[in-house]
Each structure stands twice: as structure tokens, then as C-alpha cells.
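Asks: Sequence:
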Amino acid sequence: MGQTISFQPGLRAGAASATGPTAGPLPATPSVADVLGVVVSHVWLNDEYRYLVLEAPEPAPLARAGQFFNLECPHTAEDKPFLRRPMSLYRADPAHGRVEFLYKVTGLGTRALASIKVGRTMRMLGPLGVGFSIPEGARSIAVLGRGVGLATLAPLAEMAAENGVGVTAILSARSSATVMSVERFAAIGAKIQIVLDSDGTSDPGNVELILREAAASGRADAFYTCGSNRLMLLMQRLGRELSIPGEVALEQQMACGLGMCFCCVRNFSVDGVVEARRVCTEGPVFRLDEALPW
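In the working numbering, the protein residues as written are 51 to 344.
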């Protein structure tokens, strides 16, 4: 078992705003602990993405949609990562004491992580950060993600379905081979629209038409996005025009994950004033209308 750290992630600014997706009370946030996880499955899904399943003690399996963990990556002959890597939750399974991650192998840390074998152990700090919330009274939400951002949005879609909220899911990728999590969205009965670079359907103009149709037909009481600055800006603009609240899960390089090192600070626009916030503790989920692109 890991030693529990005396730390509770704080609510992001504006969490109680009646105009944003956090109008209702947030569920209790799990405590944070540095625990030892055991790898029970670790497979390639395609040439870029790996699917990792760990058995871990509480509070790890109590993580909520949108939260993340700082995973300790092993040292290999080629790569010796010094810092842990932040990894968004793909699924939490309290009944079986498991936590799942879907990640893209892109650099030194994830290359090293990709080498870990079934049966090995690894330290994991979490669950960290502020997760997603759904407005009180929402009947349906629209989620828009790209690449590994779809892994972050899949638990949100399941949380919505568990609360009787419908989901329209727009899944963006370079090609059909790299569309992630389709089965997760299909399993909860989401209305799925796949848009691809390879056939031009991922063009922002086409995505905007899909979002407008969802809003006009009452299938978008709130917007959610992850994985693309371009898509975030599109959803942000439409949200303002149509008065639809939303949230965005931001990806950011991190070190401690606890807010002490200020490595993950980004700027946000709050009532016309630019504020600096830590993505690890005040996010990684933020109000869509306050997020600024890089």
C-alpha cells in the first residue's frame, strides 16, 4: 500500500458558477496517494498507441473522469527518464481495483513506459487534479476530441450515461486506423460522428456544421473537448455564440503534479483579466470560455 499524502486538489476558480458546467456540486474528490501498481495488461493498439492496465490499491481506482496520475517510467538501456509522466485516466474500476491508461508513444518517457512488462510494478501518484463536471439539468452533451484526447473524454461520456445524460461524440483523427475509443462511446449509446484528415471530414468547417446541428437539435447542453488547440478554439467560439457552457481538459508538461513546482502554469482569461493557473491542481479540466491557446 502507498503512503497517503496530505493533499486535496482544490476546485478550479469559478467552479460554483451557475453559468458554467459546474453549476451543480462536484462529487467528492478522492485523496491522493503514491501507490505501487502491478501491470496486468500492456498491449499495442496500433503503431502509435498502447493500452496499460494496472492493479492498484485505493485511492487509485476511485479516480474520476478527467483526473490524472503521475506514472514512474522505468529506465531502459536507451531511455532514463528522470521525471514521472502525467497520464490521463482512461478507466477506473473500483470493483476490481484497476486503473487503465491509453497513451501515445512519442518521446523518452513514453518509450520507456512502453517497455514495461506484465507482472512488473511501477509507482503511481494520484488521482490528481480536478475532473469533469456535468451541469445540473443537462439532458445531452457534445464531446469533441482528437487523438489521445479521446481517451480523456471516454470516461466523461460514461459518467454522463450513468447519470442519464445523452452523448454526441465527434471523434477526430488522421485516419481510420488512429481513431481511438470508438467502442467505449458506442457501448453507452452515444451518437458518434468520426471525422478524418484522410478524407477531409475533419476540416473545421465541417466539424462546426456537426456541432451546430447537435446544438439545434437539443443534443448539446454543454460542450467538452480535449486534444487539439484548433478544436478548442472552434468549440469556444460556438459556445460563446450559442450560450453553451463547456469544459476543456488541457495537456501540459508537468514535474511534481502537486502544484509545488509551478512547471505547468498556463494563462487563462477570466472576466477580461489574464490569470496564471497551474494545470495540475486547478485543472487539468477548466472552463472552456476561460482557456487560452498556446
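Hints listed in this document are in silico derivations from the structure and should not be mistaken for laboratory results. Don't take each hint at face value.
27 Å max Cα-Cα, derived DSSO-like pairs, lysine-lysine [unchecked claim]:
{"id": "1", "residue 1": "167", "residue 2": "154"}
{"id": "2", "residue 1": "241", "residue 2": "154"}
{"id": "3", "residue 1": "154", "residue 2": "130"}
{"id": "4", "residue 1": "167", "residue 2": "130"}
With beta-carbon atoms standing in for the labels, derived distance ranges [stated by the list, open to error]:
{"id": "5", "residue 1": "212", "residue 2": "128", "range": "36 to 44 Å"}
{"id": "6", "residue 1": "279", "residue 2": "249", "range": "38 to 46 Å"}
{"id": "7", "residue 1": "322", "residue 2": "124", "range": "44 to 52 Å"}
Keep in mind it's a predicted model, so treat the numbers as computed, not measured. All C-beta atoms, glycine included, are put in the ideal place defined by N, C-alpha and C.
Asks: Hint by hint, say whether it matches the structure.
Replies: Consistency of the hints with the structure:
With a C-alpha separation of about 17 Å, the suggested pairing of residue 167 with residue 154 holds against the 27 Å cut-off. A C-alpha spacing of about 25 Å is found between residue 241 and residue 154, which places the hinted pair at or below 27 Å, so the restraint holds. Pair hint residue 154 plus residue 130 holds up; C-alpha atoms about 18 Å apart against a cutoff of 27 Å. Our distance criterion of 27 Å between C-alpha atoms is met by residue 167 and residue 130, whose separation comes to about 17 Å.
About 42 Å separates the C-beta atoms of residue 212 and residue 128, a value consistent with the hinted range of 36 to 44 Å. Remark: the range hint 38 to 46 Å for residue 279 to residue 249 is contradicted by a beta-carbon distance near 22 Å. Roughly 46 Å separates the CB atoms of residue 322 and residue 124, a value that falls within the hinted 44 to 52 Å.
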